[in-house]
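Once you've looked at the hints, dock chains B, C, D, E and F against the given chain A.
Chains as they are written, first to last, in our numbering: chain A, 1 to 156; chain B, 157 to 312; chain C, 313 to 468; chain D, 469 to 624; chain E, 625 to 780; chain F, 781 to 936.
Simulated from the structure, these hints should not be mistaken for laboratory data.
Yeah, the Cβ is synthetic: ideal placement off N, Cα and C, and Gly gets one too.
Please note: incorrect hints may appear among the correct ones.
[Stated by the list, open to error] List of simulated lysine-lysine pairs, BS3-like, C-alpha gap at most 25 Å: (1) C:K431 - A:K151; (2) C:K463 - C:K424; (3) F:K908 - D:K520; (4) D:K619 - D:K580.
[Stated by the list, open to error] Some but not every residue of chain F turned toward chain A, in silico, with C-beta under 10 Å: (5) S858; (6) G898; (7) A914; (8) H917.
There are 6 protein chains.
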Amino acid sequence: MDFGHREEHTDDQMLIVQANIDDMNPEWTSFITDKLFAEGANDVYWIPIIMKKGRPGLMLNVLVEETRLAAMEAVIFSETTTLGLRYVHASCHRLAREFVTVLTRWGPLTVKVGYHQGKLVQMAPEFKECEQIALTHQVPLKQVYEEVRSKFKEAT
Amino acid sequence: MDFGHREEHTDDQMLIVQANIDDMNPEWTSFITDKLFAEGANDVYWIPIIMKKGRPGLMLNVLVEETRLAAMEAVIFSETTTLGLRYVHASCHRLAREFVTVLTRWGPLTVKVGYHQGKLVQMAPEFKECEQIALTHQVPLKQVYEEVRSKFKEAT
Amino acid sequence: MDFGHREEHTDDQMLIVQANIDDMNPEWTSFITDKLFAEGANDVYWIPIIMKKGRPGLMLNVLVEETRLAAMEAVIFSETTTLGLRYVHASCHRLAREFVTVLTRWGPLTVKVGYHQGKLVQMAPEFKECEQIALTHQVPLKQVYEEVRSKFKEAT
Amino acid sequence: MDFGHREEHTDDQMLIVQANIDDMNPEWTSFITDKLFAEGANDVYWIPIIMKKGRPGLMLNVLVEETRLAAMEAVIFSETTTLGLRYVHASCHRLAREFVTVLTRWGPLTVKVGYHQGKLVQMAPEFKECEQIALTHQVPLKQVYEEVRSKFKEAT
Amino acid sequence: MDFGHREEHTDDQMLIVQANIDDMNPEWTSFITDKLFAEGANDVYWIPIIMKKGRPGLMLNVLVEETRLAAMEAVIFSETTTLGLRYVHASCHRLAREFVTVLTRWGPLTVKVGYHQGKLVQMAPEFKECEQIALTHQVPLKQVYEEVRSKFKEAT
Amino acid sequence: MDFGHREEHTDDQMLIVQANIDDMNPEWTSFITDKLFAEGANDVYWIPIIMKKGRPGLMLNVLVEETRLAAMEAVIFSETTTLGLRYVHASCHRLAREFVTVLTRWGPLTVKVGYHQGKLVQMAPEFKECEQIALTHQVPLKQVYEEVRSKFKEAT
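Extracted from the complex, chain A is given alone in its bound form (with noise of 0.2 Å):
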C-alpha cells in the first residue's frame, strides 16, 4: 500500500467567510470558485438563501487559514458583486488520509481512506479516475464505484 503522511489533527486558525449575493450573474460562479482555491481556500460552496425584498440569493462560503483572508478578500471583491464581507472563527478537525491503490479489472486505482484516532472509518473512490476509466471503458460510473468499493473491501 502506498501510506500518505498527513496525521489528524485540529486547526484552530481557520476563518468561514461568507458573502451574501443578490445582483450577480450565477454564470460566473465556478470561476470565482476556482480562483479561490487556486488563492490557496481550504473549500468553497455557496448556499442558497432568500434576501432582502424576498430576492432569491447566494451565499459564498469559503473556509480558509486565518492568514489568507486578505487573498480571498481580494478575489471576493474583485470577482463578486458583494459591497461587503463577514468571517467567524473555526477549528478544522481533519482525519489522517493516505491514498490507497485497489487493483481492478480495468487496473490499477485509487482509493482515498481516512482514520480517526487510528481507525479507517472512511474509504473514497477517486472520482477523476473512475470517471475515466467509465468514459474510456463505456462502463456505467456507479458500476466502476462499485468494484473499486468491492476490491477495497476483499484488500482489507
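For chains B, C, D, E and F alone, kept in the frame of chain A given last:
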C-alpha cells in the same frame, strides 16, 4: 356574513410556463413577478435549481390560461435573459371562495375561506390587513393572526 | 434467488398533482405525506420555492393514478391550507423489480433489484433492515450497506 | 396549570459543528440525525449546498455543548463519509419553557409555552399528541391544532 | 461626482443571530425581516433547511452589532415561533462606498460604487430608481440597467 | 456581423423526463449530466427536494425530444439508482439566435443574441471565451463581461 360568488371548478385550459435562468441579476425577480401578474398570470414562483456546469440557477414558473401565453412570452423574453421557454398543459382545481368579516379587538378583519364540495375546509386571515393592524397597534403579527382565527372559530 | 413478478412497464394514466403553499405550519408535512401514501399516492415530495412577495413556500407534489385524483384532493384540501391545486398528465416507466436475499455476517438481508430490458441495472439494500442491523449490532450503517453490496456483487 | 422548571438562560459553551458532504447516500441522513440526538446533540439540521465542481451536497449541522464534541465527532466520522469537520463557538439563548394542559373535545392535550423576560411569547401544541388525535378520531390535523390553540387562548 | 464619506473598515463587534423555525406561517417572513431592519439589523436572510423528522424548515439569520442583540431578541421571540436562538461572533469588512450620478436618456440615475484599498471594484445601479424608470417609461428593466452600466463605464 | 440561421419556432414534440433520487452518490451528477447531453438532451437540471421520510433528495430533469426518450432512459437507468422515471409532454418556444462578434481591448469576442418576433431581446457574452480572457489577461471576469456588453451596445 359577506358571501362571495365564485364556484368550485376545474379549469382544463391552463399552462405551466417555465424558463431556466442562470445568467440573470436576481434583483430583477420581484419586478418580473409583478409584471407577469399584471399581464394576467394566475401564479408566479421561482425554484432554485442546479444547471449545466453545476451553476446555481433559478427556474421561473408561470401558471396561466392558455389564451394568455403570448402575453407571458412577451414579458419573459423582454425582461429575463432566457433564449427559450417551455410549457405543459395543466388543469386547475379551485375551491369556492368567499370573504368573511370577523370582529376583533382592533375592529373588523377579513378572512378568506374556501369550500370543497360545499364544506368549509380553508380559512386564511388577509395578510395585508393583519400586517397593517400589527404596525398600527404595535402588536406581534402572530397575535393578530391568533385573534382572527379564534374569532372566526367562535363565529362558525 | 427469490424472483418477484412485476414486469417492466409504462403507465400512461398518471397525474402529477401540485399545490404551492406559503401559509402552512411545516410540522404538518410528514403527516400529510403519510396520509397521501395511505390513500394511494405512488410518490409524494416537497420542493422549496419562492412565491409571491418573496415568500419561502413549499410545493407539494403527488404522483398518482388518474383514478385516485379525488382521493388526493380530499386529503390536500382537508389537511393543507391551499385554496387550489393543479395537475398534469404523466407517464411512468417502472423497471421490473424483485427482492433478492443475500447472506451477510449478520444473517440474511434483502436487496431490491431492478431490470431494464432484462438487464440488471439497479440494486438497493433495504433501508429498514440495514438500519435495524446497525442499531442491534451497534455498527455503522454505512458498514452494513457496504457488506450487503459486496455480498450481492459476489453472488452475481 | 402544570408549570415546568426551566429558567430562561444563555449558554455560552456551545458549538456549531459542520461537515460538507457530497458523496454520501442521502438515505442515511435520518439515521445519522437520530444517532447524534441520542449522543447528546441539542439540534441537528441539514442544508442543501453547492460544492466543488457544482455538486449538489448537504451540510450537516450539529448544535451541541462543547463537552460533547468528541461524541459528535465519533458519530460523524463513523456514520458519514466526511474526511473532516469544522466548528465555531456559539451562545444559545433559551426561553423559559413549561408544559400546559388544555381541555379539548378529544380530552386533555399538551401545549409547550415559552417565556421571554417573564412574558408568555410562545405556545406550541405538541405535534405527536395532535397527530395521534388526528389519526384516532379521523379529523384533519389542522383542525386539532386550531382547537388546541383556541382553547389555550380562552384559558389565558 | 458626489462622493460619500464612508471609509473601508472592518467591524469586529458583530453577531450572526440564528433561529431554526419549523412551525411558523411563512407569510410572516417579510414582516419579520422588515421589523428586524427597523430595529437596527445590518442584514437579514432566510435559509431553507431540513430539520428534525425531515421537516422543511427555515433558518432565520440576522447580522447585527453586538450592542443591538437585545433588540433583535425582542423581535425574534415576539414575532417568530422559536423557543431559542443562537449567535456567533463575527467580523464585517465593508468597502468604502459612495453614490455616483450618471446621466441617462431618462435623466440622472444613481450608481452605488465600492472601493477596496482605494480601487473601484464595485458598481451597482440603484434598484428602486431603475424599477421606477422601467415602470414610468415602459421599458424593460434590464435595458435600464444596461444603459446605466454603460454610461457609468463611459464616464470612468 | 456574423448572422446565424436559426429561426424562432415552437417545438411541440418535447418531453420533460424526471426521476426522484434519494440513494445516489451526488458526486455522479456532473457525469450523468454530461452523458445525457452527449445522448441528445436539450437541457439537464437538478432540483433539491424532500422525499419520503424527510430525506433530502434530488430530482433529475431532462428536456428532450420525444424521439430521444429511449436514449435518455438508457442513461438514467444505467447511471443513476432510480427504479422508475416519469415524463410529461411539453412544447418549447426557442428564439431565433445568432452569434455576433464584437471587438474588445482583448480582441474579438462572441455574443449570442436572441430575437423575439424579429426584435433583438437577448444578448449574452460567451462564457467560455470571457473566462479564457480573464485567465490569460489576469483581469476580473466581470470586467470582461462589462467590456463585451458595452462594446455590443455601442455597435447596435
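Structure-based check of all given hints:
Proposed proximity of K431 (chain C) and K151 (chain A) is supported: the alpha carbons are some 23 Å apart, at most 25 Å. Between K463 (chain C) and K424 (chain C) the alpha-carbon distance is near 14 Å, which keeps this suggested pair within the 25 Å criterion. This hinted pair checks out: K908 (chain F) and K520 (chain D) have alpha carbons roughly 18 Å apart, not beyond 25 Å. Proximity of K619 (chain D) to K580 (chain D) is assessed by CA-CA distance (about 14 Å); at most 25 Å being required, the pair is judged to hold.
About 5 Å separates the beta-carbon of S858 (chain F) from the nearest beta-carbon of chain A, less than 10 Å, and the hint is met. Among the interface hints, the one on G898 (chain F) is violated; its C-beta lies about 27 Å from the nearest C-beta in chain A, farther than the 10 Å criterion. Because the closest C-beta pair between A914 (chain F) and chain A is about 7 Å apart, less than 10 Å, the hint holds. Because the closest C-beta pair between H917 (chain F) and chain A is about 13 Å apart, greater than 10 Å, the hint is violated.
Against the hints set out earlier in the document, violations occur for numbers 6, 8.
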